[in-house]
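*Asks:* From just these sequences and the hints, can you work out the full model?
Here the protein sequences line up with chains A and B, keeping their order.
The opening residue of the first sequence carries number 1 in my numbering; numbering runs sequentially from there.
The opening residue of the second sequence carries number 1 in my numbering; numbering runs sequentially from there.
What the hints contain is simulated information worked out from the structure, not anything from laboratory work.
In this text, a Cβ means the ideal position worked out from N, Cα and C, and glycines have one as well.
Hints should not be assumed to be uniformly reliable.
Label pairs and their in silico Cβ distance ranges [what the hints assert, rightly or not]:
| hint | chain 1 | residue 1 | chain 2 | residue 2 | range |
| --- | --- | --- | --- | --- | --- |
| 1 | B | PRO18 | A | PRO464 | 51 to 61 Å |
| 2 | B | GLU122 | A | GLU768 | 50 to 60 Å |
| 3 | A | LYS354 | B | GLU122 | 41 to 51 Å |
So the chains spell out like this:
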Amino acid sequence: MAVKIKEGFKVVGKSVQKVDGFSLACGKAKFVDDFDLPGCLYCKILTSPHAHARIKSIDATEALKIPGVITVMTHEDVPRIAHTTAGQGYPEPSPYDTFILDKKVRFVGDRVCAVAAETKESAIEALKRIKVEYEVLEAILDPRESMKEGAPVIHDEEEARMIIPVPYDKEKNLASHADFTVGDMEKGFEEADVVFEREYESHYAQHCPMEPHICATYLDENNRLVIMTSTQVPFHVRRIVAERLQLPIKRVRVIKPRIGGGFGAKQEVLLEDICSALTLKTGRPVKYEMTRKEEFMSSRTRHPQILKMKVGAKKDGKLTAISMKVLMNTGAYGSHALTVACNTGSKVLPLYNKALNVEFWADSVYTNLPVGGAYRGYGATQGYFAMECILDEISRELDMDPVELRKINHIKTGESSPVFAALGEGKPGVEQKVGSCGLGACIERGMEEFDWAKREDRKKEVSPGKKRGSGMCILMQGSSIPEIDMGAASMKMNEDGSFNLNVGATDLGTGSDTVLAQVAAEVLEIPVDDIIVYSSDTDMTPFDVGAYASSTTYLSGYAVKKCAQKIKRQILKVAGEMLEKDSYDLYLEDKKVHDFDGNSVTYKEIGTRALYETDQHQIGAIASHISHKSPPPFAAHFAEVEVDTDTGKTEVLRYVCAIDCGTAIHPRLAEGQCEGALLNGISFALTEEYVFNKKGRMMNADFGSYKIFSTGDLPEMKVILVPTYEVTGPFGAKSVSEININGPMPAIGNAIFDAVGIRLKHAPFTPEKVLMGILEQKEKEAVPV
Amino acid sequence: MGIEITINGEKKVWDTKPSETLLDALRNHGYKSVKRGCDEGHCGACTVLVDGKAIKSCVMLAGQAHKRNIVTIEGIGTIDEPHPLQKAFVHTGGVQCGYCVPGMILSAKALLDENPVPTEEEIKTALDGNLCRCTGYVKQVEAVGLASKMMRGEN
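*Replies:* Given below as structure tokens:
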């Protein structure tokens, strides 16, 4: 047997042309709203003006008189099935506390009833004419009040429950609880030379995908329900909608066309049920697109958290104990309430595995405020804010470079943390040792690029009224949910030597169609344009849990690799027959199979023989993958800010991110994912926030007053991809994008301290807060001791 | 109400309602590349060129487009023959989900038509009305610079 040794990758690691690039850049790619459905009705939802109320009556008489209004649907017209809108695997670790429509509303923006009309205008007009009588109830607008004696019970319906054995106490407005302790906390703090206790508060924010949530439903020629939807989780949509509407799963088909961004917002099954119910009722296609205002007020948000931290350290910087206690506001429903809170611990605490005494405790509580959900970072964003800010304070107390403190304490290759096993997603986690870890290199490369050593010198470069400062942090995330997530792929070969690759994985703008094609192309020794990718259609592609938990490249990518390897074996078998050689004595190169005597057959000849000539069969395969690990990507972030001491305005001048994502399968896309996450994080740290009135209504539900960063705000950003090789990932890859949203809050917060000496513990760092901090500090300094 | 407009070089006569926005009129007539992101003039996904200027079509009435010259992304290049801006956006990685991209490219085109050699600051100013949540803008700003070079025969 001869062996051909392959040197390096041919397709992996190359920034090939994005498979849908020109289709998108030329405006040809079709998003949900770009499909014309003859006879389509428009759906609009009447939402609650009250934070907490019981619906006494709904009178749609006047609405139904409007020409073109076909139907008004209320809670009386739909099955009452408690469910969660969280698009998670079954059994979902989120409480079943939501109904398609209910006789109670629990936040301003909660849905009351639905209209279907011939035109959007008629539907909007109908909303104005529906008369709803409410019994307004006392509302909870502060998570600190939720569990107090005598607080109103937000989920007083008997059906609300958890379907897995975890704590849930609706009488106390407790949507989830998790805790663990390893080591001896008392001893840990006794051993410490310094102990810091701080409280941090993170805020509401919205994902702001440029394409709002949108869904279109229709009955096909066989009376099956087709749901075309902007989703990250097509297979969960199929299961969850079938359950809510009491349909057999086989009657439902979910199609994901191009998606205009999601960032977790579209891991929710929000519109598909009501659209489907209207299609089933009217027999007609129905489309429902959220307005931007609804996107802010009625869809999903980042869960705000109050984090109580207590950290002990020795004089030499070694951490002895970490206590993290989280009070999370899940809003009116418990979507992702348990798992986001758990992630706050499980993605943050293992990073500092030198601390042997660790305690975590998290309550997620209901309030009558907008609903939390999955959002890029998924709890780690909140956790890293607290962790990395308190470590900055400790490093200053110990008179240490904050970088050194981290170097002493962070996890390294071959090491583990008891936290991995202690905290999972609704069940215990999975023990793992860290394989690839390029964090040391990330820190070094980041420091060098940022010129961390000269940060003090740069403070002198400022104009009057401005102060400059630098801050840093380190991070880790995961890659997929171990032993829970599954991705699958199928492939077939065509007679011209091209291949169809069908994946359940959901490209929502991330570029996964391209990355997955690269993985298959690498195995089969072909260019990416010989692969036709089709993703996420529940009738046509194999299963995949969907695009979440940083899983697609790592998990679905491995399924594609396995699938392509099966195809490769079949190609070799046919080629062996053609060349009269044992398949072990053959190798693939340049769309041909070669033997070691200089003979070869082309893929076209192999494909043609298989389909038309001899022993005809379809060269095809299917493969699935689960992971027993969730290998963390690692990153080091460095921020330099300039604070205007007269106005409090903070400008990020430079931001450096060095990331270890294993092998970057498509470096340009990987960088782009990082840059997107960073700017989202910077914008979240500085400007994005929900402003509520006293009745719990969001007052800034538009891009005019909810500021997300645009090109005019763009700081100098540098992303450095630090290569490592994760043996359990496809061609050494781990996840890449999600981790980077976690850095800006602590890095910028620490930089603001370095600039003006104030510690902001309540994000975002708006000019008002910074200026207040500066003024308070001046007052303190003015008081004689 | 009938309006006469030129779209991508073709003369059209459309019936519109007085309240119909240019965005709705364009989409209703099949110009699906013009995207709806906020319907309030903030996000720029619906940007088209009106007499060469980048305009948010969700805050312009169709009636106001009477006798005007409209260009959508379909009018500047095709998959077979893309415009340098389209090539540059794909090449640099300025396209992720791509929802903002038609509008972003048209804003860039309005800039390059007027100012073929813009500075980075000028590019950032020209794209400031087009929001993108996927890319962090770095590669989009780079793409406009690259397209400028390509259009001058430098790349």
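*Asks:* Can you give the numbers of the hints that this structure goes against, from lowest to highest?
*Replies:* 2
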